[in-house]
Structure formats: structure tokens, C-alpha cells
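A.B. asks: Residue numbers (this note's numbering), protein chains in the order written: chain S, 1 to 431; chain G, 1 to 700.
No wet-lab data here; the hints were simulated from the structure. Wrong hints could be hidden among the right ones.
To be verified - Each computed PhoX-like pair below joins lysine-lysine, with the alpha-carbon atoms no more than 20 Å apart:
no., chain 1, residue 1, chain 2, residue 2
1, S, Lys264, G, Lys148
2, G, Lys190, S, Lys266
3, G, Lys148, G, Lys198
As the list claims (entries may be wrong) - Here are the simulated distance ranges between beta carbons:
no., chain 1, residue 1, chain 2, residue 2, range
4, G, Lys288, S, Leu177, 52 to 62 Å
5, S, Pro145, G, Gly321, 32 to 42 Å
6, S, Glu216, G, Lys287, 45 to 55 Å
7, G, Glu590, S, Arg161, 51 to 61 Å
8, G, Gly211, S, Leu184, 16 to 26 Å
9, S, Leu184, G, Lys288, 47 to 57 Å
10, G, Leu5, S, Lys227, 57 to 67 Å
11, S, Pro145, G, Pro71, 53 to 63 Å
12, G, Leu5, S, Pro145, 50 to 60 Å
13, S, Arg147, G, Thr355, 15 to 25 Å
14, S, Asn160, G, Gln225, 33 to 43 Å
15, S, Pro145, G, Thr356, 42 to 52 Å
16, G, Lys320, S, His148, 53 to 63 Å
By construction, the Cβ of each residue, glycine as well, lies at the ideal position given by its N, Cα and C atoms.
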Amino acid sequence: YVFTTFIKLSEFTKSKKTLSKPGVRNVVLVEGVRTPFLQAGTTYADLMAHDLARGALQGLLNRTAFPKEAVDYIVYGTVIQEVKTSNVAREAALGAGFSDKTPAHTVTMACISSNQAMTTAVGLVASGQCDAVVAGGVEFMSDVPIRHSRKMRKMMLSLNRARTLGARLSLLGSLRLSHLVPELPAVSEFSTAEMMGHSADRLAAAFGISRLDQDEFALRSHVLAKKAQDEGLLTDIVDFKVPGKDIVSKDNGIRPSTMEQMSKLKPAFIKPHGTVTAANSSYLTDGASAVLIMSEEKALAMGYKPKAYLSPTYAIPKVLERSGLTLADIDAFEFHEAFAGQVLANLTAMESDWFAQNCMGRKAKVGAPPMEKFNLWGGSLSLGHPFAATGCRLVTMVAHRLKKEGGQYGLVAACAAGGQGHAMLVEACPQ
Amino acid sequence: GSEQLQDDMMEVLNEVWGNSAVKSAVIISTKPGCFIAGANIDMIKVCKSAEEVSKLSKEGQMMFEKIEKSPIPFVAAVNGTCMGGGLEFAIACHYRVATKSKKTVMALPEVMLGLLPGAGGTQRMPKMLGLPTAFDVMLTGRSIRADKAKKMGLVHHVIDPLGPGVKDPEERLIEYLEEVAVGVAKGLAKKTVTVEKKKGLMQKVQDAVLGIPLVRNQVYKTVTQKVMKQTKGLYPAPLSIIEAVQAGVEKGPAEGYHVEAVNFGKLAMTPESRALIGLYQGQVACKKNNFGKPEREVKSLAVLGAGLMGAGIAQVTVDKGVATILKDTTTEGLARGHDQVYKGLNDKAKKKSITTFERDMTLSFLKGQLDYSGFEKVDMVIEAVFEDLSIKHKVLKEVEAVIPPHCIFASNTSALPIREIAAASKRPEKVIGMHYFSPVDKMQLLEIITTDKTSKDTTASAVAVGLKQGKVIIVVGDGPGFYTTRCLAPTLVEGIRILQEGVGPKKLDSLTTGFGFPVGVSTLIDEVGVDVAAHVAEDLGKAFGSRFGGGNVDVLKTMIQKGFKGRKSGKGCYVYSAKKKDKQVNSGTEEILKAFKLTAPPAVSGDEDVQYRLVSRFVNEAALCLQEGILADPVQGDIGAVFGLGFPPCLGGPFRFLDSFGADKLVQKMKRYEDAYGNQFTPCQLLLDYAKDPSKKFHK
Numbered sequence: 001y002v003f004t005t006f007i008k009l010s011e012f013t014k015s016k017k018t019l020s021k022p023g024v025r026n027v028v029l030v031e032g033v034r035t036p037f038l039q040a041g042t043t044y045a046d047l048m049a050h051d052l053a054r055g056a057l058q059g060l061l062n063r064t065a066f067p068k069e070a071v072d073y074i075v076y077g078t079v080i081q082e083v084k085t086s087n088v089a090r091e092a093a094l095g096a097g098f099s100d101k102t103p104a105h106t107v108t109m110a111c112i113s114s115n116q117a118m119t120t121a122v123g124l125v126a127s128g129q130c131d132a133v134v135a136g137g138v139e140f141m142s143d144v145p146i147r148h149s150r151k152m153r154k155m156m157l158s159l160n161r162a163r164t165l166g167a168r169l170s171l172l173g174s175l176r177l178s179h180l181v182p183e184l185p186a187v188s189e190f191s192t193a194e195m196m197g198h199s200a201d202r203l204a205a206a207f208g209i210s211r212l213d214q215d216e217f218a219l220r221s222h223v224l225a226k227k228a229q230d231e232g233l234l235t236d237i238v239d240f241k242v243p244g245k246d247i248v249s250k251d252n253g254i255r256p257s258t259m260e261q262m263s264k265l266k267p268a269f270i271k272p273h274g275t276v277t278a279a280n281s282s283y284l285t286d287g288a289s290a291v292l293i294m295s296e297e298k299a300l301a302m303g304y305k306p307k308a309y310l311s312p313t314y315a316i317p318k319v320l321e322r323s324g325l326t327l328a329d330i331d332a333f334e335f336h337e338a339f340a341g342q343v344l345a346n347l348t349a350m351e352s353d354w355f356a357q358n359c360m361g362r363k364a365k366v367g368a369p370p371m372e373k374f375n376l377w378g379g380s381l382s383l384g385h386p387f388a389a390t391g392c393r394l395v396t397m398v399a400h401r402l403k404k405e406g407g408q409y410g411l412v413a414a415c416a417a418g419g420q421g422h423a424m425l426v427e428a429c430p431q
Numbered sequence: 001g002s003e004q005l006q007d008d009m010m011e012v013l014n015e016v017w018g019n020s021a022v023k024s025a026v027i028i029s030t031k032p033g034c035f036i037a038g039a040n041i042d043m044i045k046v047c048k049s050a051e052e053v054s055k056l057s058k059e060g061q062m063m064f065e066k067i068e069k070s071p072i073p074f075v076a077a078v079n080g081t082c083m084g085g086g087l088e089f090a091i092a093c094h095y096r097v098a099t100k101s102k103k104t105v106m107a108l109p110e111v112m113l114g115l116l117p118g119a120g121g122t123q124r125m126p127k128m129l130g131l132p133t134a135f136d137v138m139l140t141g142r143s144i145r146a147d148k149a150k151k152m153g154l155v156h157h158v159i160d161p162l163g164p165g166v167k168d169p170e171e172r173l174i175e176y177l178e179e180v181a182v183g184v185a186k187g188l189a190k191k192t193v194t195v196e197k198k199k200g201l202m203q204k205v206q207d208a209v210l211g212i213p214l215v216r217n218q219v220y221k222t223v224t225q226k227v228m229k230q231t232k233g234l235y236p237a238p239l240s241i242i243e244a245v246q247a248g249v250e251k252g253p254a255e256g257y258h259v260e261a262v263n264f265g266k267l268a269m270t271p272e273s274r275a276l277i278g279l280y281q282g283q284v285a286c287k288k289n290n291f292g293k294p295e296r297e298v299k300s301l302a303v304l305g306a307g308l309m310g311a312g313i314a315q316v317t318v319d320k321g322v323a324t325i326l327k328d329t330t331t332e333g334l335a336r337g338h339d340q341v342y343k344g345l346n347d348k349a350k351k352k353s354i355t356t357f358e359r360d361m362t363l364s365f366l367k368g369q370l371d372y373s374g375f376e377k378v379d380m381v382i383e384a385v386f387e388d389l390s391i392k393h394k395v396l397k398e399v400e401a402v403i404p405p406h407c408i409f410a411s412n413t414s415a416l417p418i419r420e421i422a423a424a425s426k427r428p429e430k431v432i433g434m435h436y437f438s439p440v441d442k443m444q445l446l447e448i449i450t451t452d453k454t455s456k457d458t459t460a461s462a463v464a465v466g467l468k469q470g471k472v473i474i475v476v477g478d479g480p481g482f483y484t485t486r487c488l489a490p491t492l493v494e495g496i497r498i499l500q501e502g503v504g505p506k507k508l509d510s511l512t513t514g515f516g517f518p519v520g521v522s523t524l525i526d527e528v529g530v531d532v533a534a535h536v537a538e539d540l541g542k543a544f545g546s547r548f549g550g551g552n553v554d555v556l557k558t559m560i561q562k563g564f565k566g567r568k569s570g571k572g573c574y575v576y577s578a579k580k581k582d583k584q585v586n587s588g589t590e591e592i593l594k595a596f597k598l599t600a601p602p603a604v605s606g607d608e609d610v611q612y613r614l615v616s617r618f619v620n621e622a623a624l625c626l627q628e629g630i631l632a633d634p635v636q637g638d639i640g641a642v643f644g645l646g647f648p649p650c651l652g653g654p655f656r657f658l659d660s661f662g663a664d665k666l667v668q669k670m671k672r673y674e675d676a677y678g679n680q681f682t683p684c685q686l687l688l689d690y691a692k693d694p695s696k697k698f699h700k
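Just need the whole structure built from these sequences, with the hints factored in.
C.D. replies: This is the structure:
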């Protein structure tokens with residue numbers, strides 16, 4: 001179950017005063033950008049994944065004026081892979097004009113793919129192997145690989161090897177109608193054969209999260225996102241020029257509705273009694289993001305003003321206690337909103353002693369973040385959720401919020417299909 | 001008791017009907033894992049006459065009819081066991097919601113107790129599922145999971161189980177089920193939810209065809225023929241079910257309900273029903289650990305020998321998530337064993353009872369190897385190596401050199417006395433026998449053998465492991481052949497005698513199956529293996545002398561020489577080929593039998609006498625085991641004989657059979673056979689005691 005690991009993994013380390021540790025290099029976020037997040041099938045529809053990734057990388061370079069050759073490594077996340085660009089990190093980097101001597105690899109970890117890309121980057125910098133690493137993520141849902149059936153693929157591969165006309169004809173003769181049924185990318189998890197939306201609905205039911213609560217939370221997300229958009233707070237966005245079309249500069253999925261309209265929707269997964277609907281779930285989104293991660297000393301030496309210290313880890317509460325930090329010390333929370341039901345279930349779990357005792361092996365609950373510090377500029381429900389691009393969006397957004405709100409600590413957390421989770425503690429750098 | 005429950009239920013129902021503010025109702029159980037597990041069998045057992053039982057049936061019928069005809073809609077919200085009367089209750093409601101929890105199973109298992117669904121089940125099921133499916137459900141008593149029930153039309157709506165939340169998941173699931181069911185009930189009252197579902201084309205066609213009386217008659221006929229073929233007419237319940245269904249469909253509900261109630265009463269008074277109920281209750285008793293909680297739980301286990309038995313034991317162990325080492329001496333043997341476990345699990349995946357992912361995860365608990373690495377950490381070793389005392393001693397010594405002190409050594413042997421195996425042990429208190437039956441993943445019985453040196457904790461541990469493996473367990477004393485093999489051997493020897501006397505293998509099979517054994521004696525010899533049968537007959541013959549005589553073991557030995565080792569070698573009493581379904585008698589074996597031909601004494605060689613010669617030797621040996629203390633009680637004797645050896649379930653086991661048939665009648669028969677053949681038919685003292693006093697019964 002998603003939420004279990006989500007909480008277990010989202011622990012973070014730090015000392016009371018600062019994230020910096022003696023003897024360990026401080027790792028900082030210098031800048032973070034993203035393309036506008038668009039609903040799948042809209043303006044980006046004719047592009048390919050590496051186009052968006054290239055846009056984010058170029059945007060990062062433009063904004064920072066960072067010398068390309070000073071980038072030691074590039075890590076990029078993606079979930080649904082375009083088979084033509086399976087190492088999308090490399091294709092996008094070359095296309096964005098990075099040196100062909102800069103290695104680039106692609107990671108995949110469902111919705112926390114770019115979180116993992118950043119974690120890898122932090123590791124490379126902290127261990128002294130690199131000074132500057134670009135991490136990011138891209139997802140392109142307007143086009144997904146649809147395959148021939150296994151039977152058809154087998155026949156086509158055999159056809160390649162068949163030498164004589166007779167052998168080829170006999171293979172073609174074995175063609176049946178069933179060979180032609182295509183295979184869509186898996187919408188359900190391989191191990192559990194369950195769709196995410198279905199799982200989210202059961203999760204909401206397990207925690208007793210009502211339809212009303214979910215709709216209200218989704219509405220909150222859209223209202224806050226709209227406000228942030230209108231007030232010009234979403235400064236991580238870089239413009240993207242779609243060939244033959246307009247310059248895109250805004251997210252297009254932010255649409256505050258009314259409770260009445262939302263309540264009319266039928267459940268999308270568990271029918272007829274489910275509570276997860278299209279309106280309280282994140283939607284299929286195209287988008288890419290990128291961040292520049294450096295060692296603090298190198299960033300300062302090159303004249304940059306780093307935005308935040310990064311400390312990614314894989315578990316919350318134990319480390320919280322060890323570092324002497326409590327949730328009260330956190331000024332800004334950015335949690336991934338895959339489904340309103342999932343976020344609310346997570347928050348309920350954090351508030352539950354039963355859950356802490358029975359599912360986490362703790363004596364008492366972790367406690368839930370206060371809503372006045374929580375996802376104040378909207379979230380994945382409203383801004384959109386290009387699976388592998390969301391992690392960088394969360395981290396950049398929390399860094400920007402800390403600056404805007406004058407806070408010191410931010411906490412980023414995200415869950416992913418396959419029952420995994422990720423968390424990162426972010427500390428504002430001294431201005 | 002159920003009677004109290006029924007009264008309480010009626011009180012609540014009357015309250016519901018009396019209150020006009022109540023527009024609909026939900027029936028739900030707050031008991032985790034159980035909706036209603038069915039009527040209390042003891043209620044039937046205490047009844048003295050068929051009329052008394054019929055009255056119970058009529059009361060149930062009336063209560064459920066009231067619900068069916070209720071002015072407000074009833075929704076049954078089912079989580080967990082929903083069996084027998086519980087399912088009859090649920091189908092009397094207007095709408096059913098069920099959870100897809102693994103514990104949710106629906107069944108009408110009455111037929112397995114020699115009864116019929118007596119609270120309207122035989123009347124409602126055909127209307128709900130159509131004749132063919134209704135017959136299938138009622139005549140097999142099989143368990144139906146929620147998603148299958150949805151497909152069949154037995155439930156209207158299913159909900160998925162929930163993961164952990166802020167309270168116990170099952171507790172929350174029941175709440176959730178209630179929320180959903182209440183929503184449905186309100187919808188039904190407001191008419192926003194309808195009960196009728198659209199029928200598919202196949203369903204419409206089937207309904208149309210079954211609307212023709214001639215077709216229906218054909219269905220009754222076919223089903224009856226099928227039942228007769230499978231039961232040999234030894235079980236009255238299936239025929240009574242058909243009769244009750246037919247009465248309802250053809251003559252209307254009044255007649256249908258009447259026949260159902262009358263037949264229910266009649267069935268409850270049959271010895272078959274008593275026998276089957278006894279088996280059910282015995283089975284429940286043999287699924288408990290009477291030796292207390294073991295000091296340490298067995299968390300990792302090693303099996304020696306990856307043959308048919310070893311791999312089977314490994315399969316049922318990994319199936320329950322216990323880390324298992326499977327050790328063999330050759331890579332070929334290991335590969336074969338591994339394949340056997342994989343196939344067993346993959347068959348389950350094919351039948352969709354597990355997912356392929358669960359199959360892979362289960363298989364990851366299995367570790368195949370050729371050496372003793374990791375044995376220093378195992379809690380139990382079960383050896384399933386070749387049945388030879390010196391080999392058993394060799395592996396015992398090897399194993400004891402590497403295992404930790406607390407580790408238990410269990411021997412899977414069908415006949416070698418455990419004390420002789422334990423003689424080579426430095427720690428005989430940790431040595432025990434665990435006799436599995438082939439195929440291990442299908443046969444329910446496990447016979448555990450303790451010596452006078454086996455510690456109670458070792459026994460407790462072995463029972464705990466067996467229960468985890470899903471076994472029905474009997475714990476017996478040590479001795480050649482223990483209990484089961486000791487009963488089997490004289491029966492097989494008598495079978496050989498009968499073959500020598502000129503009764504063909506096919507005839508012998510039909511006589512045994514005609515008595516109620518699931519497998520005939522000739523086929524059984526082939527299945528067990530002619531070599532194994534010879535081995536056992538000879539060993540036990542040496543141990544017990546002429547009582548185990550009768551047939552000539554040389555018949556088997558000559559068969560082995562000619563390569564007729566039974567099914568595994570393709571030839572035994574029969575010839576086996578993959579193509580032909582109908583097996584032919586092996587002419588080679590017929591020639592051998594001619595060479596060993598004996599003249600049958602005409603006075604004791606009629607069909608019935610042949611049957612009773614086989615059965616009396618079985619039963620006499622079982623009684624001797626009880627007399628000698630090998631068996632602790634008759635219940636375990638009955639369970640062992642039925643679940644391990646296929647003693648006719650309709651007779652309920654050797655001791656139940658003695659109670660119903662009469663020890664005196666059997667002793668009379670045995671004396672006749674004794675006169676003709678000698679002391680292998682001499683009744684044991686215990687039998688004589690029970691024959692002398694007919695009021696003495698093995699089962700109270």
C-alpha cells in the first residue's frame with residue numbers, strides 16, 4: 001500500500017540549526033525550472049518526450065547562464081518510456097547543446113522518478129564525485145507506446161529470420177485475428193494488477209475519507225493554484241515554444257469548479273459506490289522539469305546565490321527524533337497530490353496512533369502538517385502531474401515558498417505506484 | 001444455540017415490519033470473517049425422528065419466506081463465511097452485497113453432510129441461477145468466492161477489501177460494507193437502485209430452452225445418471241436434492257417446500273448423514289493442536305529428498321510462506337522436484353486461485369541445494385529419502401552433525417518404525433514421524449508418529465507445522481506400519497488373494513468402488529506402486545506373521561521382475577497410455593495371476609463376501625490398533641482411514657461402520673472367513689467385546 005511506505009520513507013535528517021554537517025559537503029539547489037504543465041492531448045500533442053525535456057534543460061541554462069561544460073552529470077526521470085528514446089536524459093541533453101562528454105542517465109521510479117534523480121544528484125555531489133549536476137524529469141502522456149501483441153511480435157521476429165518465401169508464407173498463414181489486438185501500456189501495477197485510481201479509492205475508504213472531503217480538498221488545490229498563478233508566484237515556469245504554434249507560458253489544467261458541479265461526477269474507478277472521481281484526481285499531464293544541484297562552495301565560488309540546502313532520505317519519524325526536529329519546525333510543506341483521497345488518507349494516517357502502532361512500529365503518531373502551511377500554491381491535482389516531472393516541481397516550489405514566506409525549513413513528500421515513497425528536507429540558504 | 005438466534009431474529013424482524021418509518025433493511029454480521037456459517041448441526045443431532053427435523057426445516061422456510069415477501073426490501077451484506085442456512089438467508093433477501101475478502105465464501109455444503117439445503121435453498125437456487133448451475137452448487141457443495149458469485153448472479157455487487165487505516169482493517173471493512181449496503185438499501189427503497197439485471201444472450205437462450213418441459217426432464221435424467229455414476233447409489237442426499245428441486249419447478253412452490261422439508265427430515269435419520277457429520281466433526285477436531293503451543297515456532301524448514309513426496313512437502317510448506325530448503329543429492333533430482341513445486345503453484349495460478357505474482361513470491365521461499373549449507377539455522381528437517389533403514393540412519397547422522405540443538409528431525413516414512421530410525425540419533429526426543437500421503441498437495445491427511453522417547457514439545461511442533469500446511473492430523477503410536485499402512489497392508493494382501501482366485505482386476509475394482517471406496521484395490525496397487533506394495537506387504541508380514549498372510553507376495557515380486565511397477569512404469573494391473581482414457585487390463589499380469597492361481601472356496605467367494613473380506617480385514621486391523629493403543633481414540637481412526645486411505649466416507653470410517661453395521665454381524669462374517677482361510681480373519685479381542693455387548697458403541 002502506497003501510504004505505508006510513503007510515511008516510512010519520508011523521514012529526514014538534520015541538526016537543529018542547519019542541515020549542514022561537519023565533514024560532509026553541503027548540497028544546494030541553485031535553480032529549478034519547468035515547462036508549463038499541460039493536459040495531455042492539448043498544445044504539446046505532436047511533440048515527443050525529449051522535446052519537453054530539452055525545453056526544461058534549455059530553460060534552466062537560460063535562467064542561470066550556467067556554462068554547459070561545467071555540468072558534470074545529468075540525471076533524468078521518466079515513467080512511460082518512449083522506446084525510441086529510452087535514455088531520454090542523453091537525447092535531451094545532446095539536443096539542448098550539453099557537451100557530449102557529460103554523461104547522462106535515466107531513472108524510473110514511478111511518480112517519484114525525478115525525486116530519485118535529485119537524490120542521485122545529491123549523492124554524486126555529496127560524495128565529491130561531481131560539483132554540478134542537473135536533475136530533472138519528463139512525462140509525455142499525449143503519446144504512449146502501444147505495442148503489437150506478444151503473439152504478433154513473436155511472428156514478426158520469426159519472419160525476420162525466415163529465409164525462404166515458403167517459410168515466410170507459412171508464418172503469415174499462422175496469422176490470426178487475435179494477433180492484431182494491440183497491447184496498451186499497463187494502467188495497472190504489474191505485481192498487484194490494481195489500477196492506481198482503484199487503489200486510491202480503497203485507500204480513502206480504509207481511512208474513511210468521504211467524497212465531500214475529497215472534493216473540498218481538490219477545490220482548495222485549484223483555488224490556491226489559481227491564486228498563485230494570478231499573483232505571478234509560479235516563477236519556476238519557463239516559456240515553451242511549440243513549433244508551428246504559440247508560445248506556451250501557463251499551466252492549462254487549473255480550473256476552480258464549484259462543489260455542486262464536482263458532486264455531480266460519477267466515481268471513475270469503483271462503481272457505483274466509490275468516491276474517487278475525475279475531479280478529485282490528478283489528470284494526465286505533459287511536462288518536464290529540471291533543477292541545478294551543486295556543492296555549496298562551488299556555487300558560491302561561481303557567484304551563484306543558492307536557494308536551498310537539500311537533504312533527501314527515505315524515512316520520516318525516526319530521523320526526526322534523532323535530529324531533535326519536530327513537524328512544528330517545518331515552515332512549508334509540499335506533498336504530492338496524486339488523488340485528494342490519497343493525500344487526506346496520508347494526513348489521517350499521520351494523525352493516527354493506531355496506524356503508528358500497527359503499521360509503523362511506533363509508540364505514537366507522527367502528527368499531520370497544519371493546513372495553513374500545506375501546499376499553498378496548489379498541487380498536482382490542479383497544476384498537473386506529469387509523473388516523472390513532479391518531484392523537481394515540488395522541491396523548486398518549496399524553495400520558492402520559503403523565500404517568499406521567509407521560512408527556514410521545507411518538507412517535500414511524494415508517493416508512487418508500487419508502494420514506494422520519497423521525502424526531502426529543504427532548508428533555505430542564508431540570503 | 002441457533003434456536004435462540006432464530007427467536008431473536010424473528011423479534012427484530014417483527015420490530016422492523018412494525019415500524020412504518022423503516023423503509024428498507026440491511027442484514028450484516030459484525031463478527032469478523034463470518035456472515036452466518038450455517039445451522040448448528042447439534043440441533044439436528046438431538047432430534048429423535050424425521051418429523052422433528054422436518055419441523056425445523058419448515059420453521060426456517062417460513063422465516064425466509066417472510067423476508068422474501070417482505071413489503072420493504074432487504075439487503076444482505078456478506079463478509080466472511082456464508083454457508084448453508086446463512087446462504088439460504090442471504091438468497092431470501094432482495095439484494096446481496098459481498099466483500100471480495102479471501103474469507104468470503106458462499107456454499108451450500110449440506111450435501112457433504114448427507115443433507116439438503118432445508119430452508120428454501122432447493123427452491124430459490126434454481127430460480128436464481130438456472131437449473132444446471134443450481135444443481136452444480138447444491139450437489140457438489142463447493143465453495144464460491146465473491147467475484148465468481150457475482151458472475152453467477154448469486155450476488156449483485158462486490159466490494160474490494162481494504163488495507164490498514166486508523167483501525168483494524170477488517171473492522172473497517174465491515175463498517176464500509178455497511179455504508180455501501182445502507183446506500184443500496186436506501187436506493188432500493190427510493191427505487192433509484194433496481195434488483196433486476198440485464199440478462200446476457202446466453203442466459204436468455206438457456207432460459208428459453210429450459211422453459212421446455214421435455215428439456216427439463218432430460219436435465220433431471222442426466223443429473224440423476226451422473227449422480228448415480230459417481231455415488232454408486234451409496235449416498236441418498238443428492239437424489240433427494242434433485243427430487244426437491246424437481247417438485248418445486250414442476251409442481252409449484254407448495255409442493256417444493258413440502259418435499260424439501262420431508263426429505264430433509266428423512267436424510268437426517270440416515271446412517272450416511274450420521275457418518276458424514278461424524279467425519280466433519282472429526283475433521284474439525286483433527287485440525288486442532290492438542291499438544292499445546294510449541295516452545296519455538298518453526299520458521300525455516302528443510303526437506304531432504306526432492307522426489308514426489310519431498311517436493312510435495314516443500315510445496316505445501318512454501319505455500320504458507322515458510323522458508324524451505326529442498327535438498328537432494330543430484331541436480332537432476334533437484335530440478336525435477338523444483339519443477340513439481342512450480343507446476344503445483346502454476347496450476348493454481350492458471351485456475352486463478354492465486355496470481356502469477358503470488359506464485360512467484362511463494363516460489364521465492366524455496367531454496368534448492370545439494371549440500372547442507374544453511375542447515376545450522378533450520379528449525380525442522382523432514383526427510384523423504386528412500387525407504388531403507390540404513391539410508392535413513394545415514395542421513396540422520398549427517399543432519400545431526402549440522403543442525404542446531406533445538407531442530408526437530410522428522411521422518412516421512414510409510415512403514416519403518418520411528419524408534420528404529422531414532423536408534424541412530426543422539427537426541428531421540430527430537431525425532432518424530434510425519435507420514436504424508438501422495439500427492440501431498442491434494443491429500444489432506446498427515447499421520448504423525450511419536451515414540452515413547454519423543455518429547456511433547458516435539459509433537460506440538462510437528463502438529464503445528466502440519467496444521468500450517470493445511471493438514472488434517474492424527475497422532476498415533478509407533479509400530480510397524482503405524483496406523484494407516486497397517487490397515488492398508490492386509491487389505492491389499494487380501495486383494496491379491498482375490499485376484500489369485502480368478503476375480504479380474506476390473507471386477508475387483510468395481511466391487512471395491514461399489515462398496516464406497518473412491519479407488520478400487522487393483523488401481524490402488526498401481527497408484528501406490530507395485531514395488532512399494534510388495535515392500536510394505538513383506539515388511540509388515542515379517543512383523544505381524546500370518547495375520548498379514550492370505551495373498552502371495554510373489555505375485556507382486558514377479559510383476560516387478562517383468563517391469564510392471566504400476567502407473568509410474570506404464571504397466572501394472574493395467575496398461576497406462578496417455579492417449580486412451582479407458583485403461584486396459586495388463587495381459588502380462590493376467591498371465592502371472594494364472595500362474596499363481598488358487599481355487600476360491602465357493603462358500604465365501606460371492607461378490608458380497610469378497611467385499612466384506614476386504615473390509616473386515618481393514619476394520620479388524622483398525623480395531624487392533626485401538627486395542628493396542630496405537631490409536632488414541634476412534635475419531636482419529638475414522639479420520640485417518642477416510643482421509644488417508646479412502647475408506648468409504650458414507651460409512652464414516654471403520655469405527656463408525658462398526659457402530660452402524662454392528663460388531664456382532666461383522667464378527668459372524670469373519671468367523672465364516674476364518675473357517676475357510678485361517679487366522680488372518682480371526683476377530684481381535686476388542687471386536688469380540690463389542691460384538692458381545694451391542695450397546696457398546698465406539699462413538700457416543
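A.B. asks: Could you run down the list of hints and mark each one as holding or not?
C.D. replies: So, going through the hints one by one against the coordinates:
1. Distance hint between Lys264/S and Lys148/G is unfulfilled; the C-alpha atoms sit about 32 Å from each other, more than 20 Å.
2. For a cut-off of 20 Å, the pair hint linking Lys190/G to Lys266/S stands: about 19 Å separates their Cα positions.
3. Of the pairs offered as hints, the one joining Lys148/G and Lys198/G holds, with about 17 Å between alpha carbons and a cut-off of 20 Å not exceeded.
4. Evaluation of the 52 to 62 Å hint for Lys288/G and Leu177/S yields a pass: the beta carbon distance comes to about 56 Å.
5. For Pro145/S paired with Gly321/G, a C-beta distance near 37 Å keeps the hint of 32 to 42 Å intact.
6. As the Cβ distance of Glu216/S to Lys287/G is approximately 50 Å, the hint placing it in 45 to 55 Å holds.
7. Distance hint check for Glu590/G and Arg161/S: the Cβ-Cβ separation is about 54 Å, which falls inside the suggested range of 51 to 61 Å.
8. Between Gly211/G and Leu184/S the C-beta distance comes to about 42 Å, which lies outside the given range of 16 to 26 Å.
9. Checking the proposed 47 to 57 Å range against Leu184/S and Lys288/G shows it holds: the Cβ atoms sit about 50 Å from each other.
10. Distance hint check for Leu5/G and Lys227/S: the Cβ-Cβ separation is about 60 Å, which falls inside the suggested range of 57 to 67 Å.
11. Separation of Pro145/S from Pro71/G is about 58 Å and conforms to the stated range, judged on CB atoms against 53 to 63 Å.
12. Between Leu5/G and Pro145/S the C-beta distance comes to about 59 Å, which sits within the given range of 50 to 60 Å.
13. Remark: the range hint 15 to 25 Å for Arg147/S to Thr355/G is upheld by a beta-carbon distance near 22 Å.
14. Between Asn160/S and Gln225/G the C-beta distance comes to about 56 Å, which lies outside the given range of 33 to 43 Å.
15. For Pro145/S and Thr356/G, the hinted distance range of 42 to 52 Å is not satisfied, since their beta carbons lie about 23 Å from each other.
16. Checked against the hint of 53 to 63 Å, the pair Lys320/G and His148/S fails, with Cβ atoms roughly 40 Å apart.
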